[in-house]
Amino acid sequence: MARLGSEEFVLFMPKTNLLDATHIAERVRRTIDSSEYTSRGLSIHITISLGLVQSFKDSTHAELFELADIA
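Under our numbering, the sequence shown has 66 at position 40, and the numbering climbs by one with no breaks.
Worth flagging that the hints you see were computed from the coordinates, not collected in a lab. Keep in mind the model is a prediction, meaning the values are calculated, not measured. Among the hints, a few may not be true.
To be verified - In silico SDA-like links for lysine to any residue, alpha-carbon gap of 20 angstroms or less:
| hint | residue 1 | residue 2 |
| --- | --- | --- |
| 1 | K41 | T86 |
| 2 | K41 | H87 |
| 3 | K83 | M39 |
| 4 | K41 | S81 |
| 5 | K83 | V36 |
| 6 | K41 | E52 |
Build the full structure now, drawing on both the sequences and the hints.
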């Protein structure tokens with residue numbers, strides 16, 4: 027996992043098929059969605075949206091990031 031932008035992160039899952047990657051992404055989403063965070067005495071509920079793409083040998087990083095934004 028790496029931070030890509032101010033509010034964007036990327037998680038590479040090599041050798042993971044699309045179905046397993048979908049399950050992992052959903053588990054991450056549920057974990058964050060069900061958690062409550064406290065900052066400066068205020069409770070904060072965070073939600074996320076995820077874009078999932080599958081890469082192929084000729085895929086570029088730019089293409090993958092663009093497809094993930096669309097997804």
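Hints versus structure:
no. : hint       : in the structure
1   : K41 to T86 : 17 angstroms, holds
2   : K41 to H87 : 17 angstroms, holds
3   : K83 to M39 : 15 angstroms, holds
4   : K41 to S81 : 11 angstroms, holds
5   : K83 to V36 : 18 angstroms, holds
6   : K41 to E52 : 18 angstroms, holds
Violated hints: none; the structure is consistent with every hint.
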